[in-house]
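A.B. asks: Residue numbers (my numbering), protein chains in the order written: chain A, 4 to 116; chain B, 3 to 117.
Hints may be right or wrong, so weigh each one.
Which residues of chain B face chain A? A partial, calculated answer using Cβ under 10 Å [stated by the list, open to error]:
#	residue
1	Gln-19
2	Phe-49
3	Phe-62
4	Asn-79
5	Ser-88
6	Leu-90
7	Thr-105
8	Trp-113
9	Leu-114
10	Thr-115
No lab work stands behind these hints, which were simulated from the structure alone. Owing to the predicted nature of the structure, the values given are computational and were not obtained by experimental measurement. For each residue, glycine too, the CB sits at the ideal point set by N, CA and C.
The residues making up each chain are set out below.
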Amino acid sequence: GNSVTQMEGPVTLSEEAFLTINCTYTATGYPSLFWYVQYPGEGLQLLLKATKADDKGSNKGFEATYRKETTSFHLEKGSVQVSDSAVYFCARRANNAGNMLTFGGGTRLMVKP
Amino acid sequence: KAGVTQTPRYLIKTRGQQVTLSCSPISGHRSVSWYQQTPGQGLQFLFEYFSETQRNKGNFPGRFSGRQFSNSRSEMNVSTLELGDSALYLCASSLVPGATGNTIYFGEGSWLTVV
């Protein structure tokens with residue numbers, strides 16, 4: 004079936020550390036891939052997206068590259084800040100599936116000063 | 003421009019009651035979808051509407067229903083509430099469903115507690 008798998012959290016880092024949150028997906032065809040972020044008590048905000056193989060999405064210092072050969076879309080940031088503390092969700096949208104997103108389980112990131 | 007607006011933000015209901023949640027999409031957006039978020043099951047797709055028609059439906063019982071109005075606003079209803087329906091219900095909107103490059107925007111959600 005179609006699914007998204009993320010590394011389990013929480014991930015605890017010191018400020019200015021390098022961040023990687025792994026995400027892999029299974030799907031037929033070429034889904035669109037997304038990273039959403041959820042701050043405490045809030046809804047989801049789109050962080051970045053990629054719609055085809057080798058696309059790199061980037062925003063606010065975060066990056067993720069659509070890797071078809073490894074079916075991965077890992078999220079990275081070179082230097083995290085305390086304000087990046089949140090829950091991060093990887094998601095996919097299959098072709099011909101309208102706006103139906105399949106989400107990973109979420110990864111909580113905690114950044115300490 | 004206003005984002006996706008959901009009302010009410012918080013509500014408490016008793017088992018067996020029913021609840022209606024409302025969603026106003028971003029102006030000009032015609033596709034609305036709904037998700038349920040719980041600690042145990044994570045984020046799960048409920049249904050999607052476009053032009054007042056349900057396009058996709060997730061794996062939820064018939065107690066969960068929705069509709070979309072001609073102005074693209076949407077409501078979802080849960081009847082005969084169960085304790086397990088306690089969740090954050092998120093609405094999302096986009097211009098049209100499924101177009102490559104289409105950005106899906108989420109509201110802040112409605113927190114439902116069933117007691």
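A.B. asks: Hints first: check each against the structure and report whether it holds.
C.D. replies: Hint check:
{"no.": "1", "hint": "Gln-19", "verdict": "24 Å, violated"}
{"no.": "2", "hint": "Phe-49", "verdict": "9 Å, holds"}
{"no.": "3", "hint": "Phe-62", "verdict": "13 Å, violated"}
{"no.": "4", "hint": "Asn-79", "verdict": "20 Å, violated"}
{"no.": "5", "hint": "Ser-88", "verdict": "16 Å, violated"}
{"no.": "6", "hint": "Leu-90", "verdict": "8 Å, holds"}
{"no.": "7", "hint": "Thr-105", "verdict": "6 Å, holds"}
{"no.": "8", "hint": "Trp-113", "verdict": "9 Å, holds"}
{"no.": "9", "hint": "Leu-114", "verdict": "14 Å, violated"}
{"no.": "10", "hint": "Thr-115", "verdict": "14 Å, violated"}
Checked against the numbered hints above, the structure violates hints 1, 3, 4, 5, 9, 10; every other hint is satisfied.
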